[in-house]
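Undergrad: The task is simple: from the sequences and hints, build the whole structure.
One line per chain: the protein sequences are H and P, in this order. The first sequence begins at 1 in the working numbering and counts up by one. The second sequence begins at 1 in the working numbering and counts up by one.
No lab work stands behind these hints, which were simulated from the structure alone. It cannot be assumed that every hint is accurate.
[Unchecked claim] Computed from the model, here is a short list of chain H residues facing chain P with C-beta under 7 Å:
1) GLU112
2) SER119
3) LEU121
4) ALA146
5) TRP148
6) GLU163
7) ARG164
8) LEU166
9) GLN169
10) GLY186
11) ILE187
All C-beta atoms in this analysis are idealised placements derived from N, C-alpha and C, irrespective of residue type, glycine included.
2 protein chains.
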Amino acid sequence: MRERADAARNRQAILAAASTLFDTADDPLKVTMDDVAAAAGVGKGTLFRRFGDRAGLLQALFDTRIDGLRAAIVDGPPPLGPGVPPRERLLALLDAMVQFKLDNRRLTRALEQTSERASFLESPSYLLAHALFTDLLTDLTGRERAAWTAHALLSFTRIDLLERLLADQPWTPERLRQEIQDVAAGILGPAQDQAGR
Amino acid sequence: MRERADAARNRQAILAAASTLFDTADDPLKVTMDDVAAAAGVGKGTLFRRFGDRAGLLQALFDTRIDGLRAAIVDGPPPLGPGVPPRERLLALLDAMVQFKLDNRRLTRALEQTSERASFLESPSYLLAHALFTDLLTDLTGRERAAWTAHALLSFTRIDLLERLLADQPWTPERLRQEIQDVAAGILGPAQDQAGR
DNA sequence: TTGCTAATCGGACTACCAGTCCGTATCTTA
DNA sequence: TAAGATACGGACTGGTAGTCCGATTAGCAA
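TA: Right under this line is the structure:
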């Protein structure tokens, strides 16, 4: 059955209000569900009925924002899309993820630090990224090492680490991205194709 | 002025009780400060006066446990102690840290997931490890890249990542440690001197 | 031993927040 | 337009970190 008109309207109002709140707040962890409900002009019950819990709301917000990137990866043009040599594609994907998280840093922080129990290592977006990375890595490092190497690369994109680095004086986003690329390139091995290891 | 006898006694009682509680609990995040106070046979006020807050208690516990490792690093024998070539020492240190965190996994989990505001990236033990790693890396990768590379290596030791991997069927602690060593070796670049060891 | 003072004790109390509940209001469809 | 299904909202619950302050006790001097 379709969602009732008022329900759909409220869903949008909540997403819009939450989007602004989390982006604006200095500390997104301090944005409460009451804040969101109030800003959306909606009761608390409505908020929870729509999104289940805090993590659900954050994931929904994150999903709408990351959709463009996901599309670009699934069937976009190079270097993110399919049909690119694994090594290049992995580096491009990693860079795109870093960029995305920095562009959405407050929301990302809220998301990665909210889910305590099922850490963000279990979240749909992480699982998806890990599956894709593992697949691409299988060609480069062999099946054995692919899974762990994928985790290793993804661990560079944790928002607390990224933000911590940017808080240090000499780091700019550009320099950070470049260094991540360098280290990642080291993990992937020399550019020349070497069969297995 | 020295700490009063009853205060010192209570500090020990609290540390002992908390140690047991955090190690025993399935989910150390569910151990409350009330639990600790009750188990130690002490009032809540006493607990907070001694350790400031939850993070302070956890850090104090962690510090007592890690002290042996710290001593081994500062002036112990090879391969952890000083006087070892940077590359070897870094790999040994990394492995020791992984091992330590796994041996103390519940406490480590409580610690790394408790400090929300000042994430564990600001904790004394992380800062110490990062400083040491950066120093050793300066010889290997140059000053420029040392700081970031240190973060990259340390990101492999996050307890949620380690535990997540161990939860997957095929991973044993030994295999995990070996894979971490392999990837870390890749980051550090090929060994300069003779092959094999 | 006795008495004095400052440090310490303990548990009731506050503040805060995620998530629930249920009587009321609104939408949908026939 | 009326009935039933769905959604609304905000008062309420439960649970936790951290505070407060009157009662207690250690440490010390006489």
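Undergrad: For each hint, tell me whether it holds in the structure or not.
TA: Do the hints match the structure? See the list:
1. Contact between H:GLU112 and chain P, as hinted, is not supported at the beta carbon level, the nearest pair being about 10 Å apart and thus beyond 7 Å.
2. Of the supplied interface hints, the one on H:SER119 holds, with its beta-carbon coming within about 5 Å of a beta-carbon of chain P, less than 7 Å.
3. Checking H:LEU121 against chain P by beta carbon gives a least distance of about 5 Å; that is within 7 Å, so the hint holds.
4. Interface restraint check: H:ALA146 against chain P, minimum CB-CB distance 10 Å, threshold 7 Å, status violated.
5. Evaluation of the H:TRP148 hint against chain P yields a held restraint, the C-beta minimum of about 4 Å falling below 7 Å.
6. For H:GLU163, the suggested interface contact is broken, since its CB lies about 9 Å from the closest CB of chain P, more than 7 Å.
7. Of the supplied interface hints, the one on H:ARG164 holds, with its beta-carbon coming within about 5 Å of a beta-carbon of chain P, less than 7 Å.
8. Interface restraint check for H:LEU166: the shortest CB-CB distance to chain P comes to about 12 Å, outside 7 Å, so the restraint is violated.
9. Given the 7 Å rule on beta carbons, the hint for H:GLN169 is violated: about 11 Å separates it from the nearest Cβ of chain P.
10. Because the smallest distance between the Cβ of H:GLY186 and any Cβ of chain P comes to about 5 Å, under 7 Å, the interface hint for this residue holds.
11. The restraint placing H:ILE187 at the interface with chain P holds, with a minimum CB-CB distance near 5 Å, inside the 7 Å limit.
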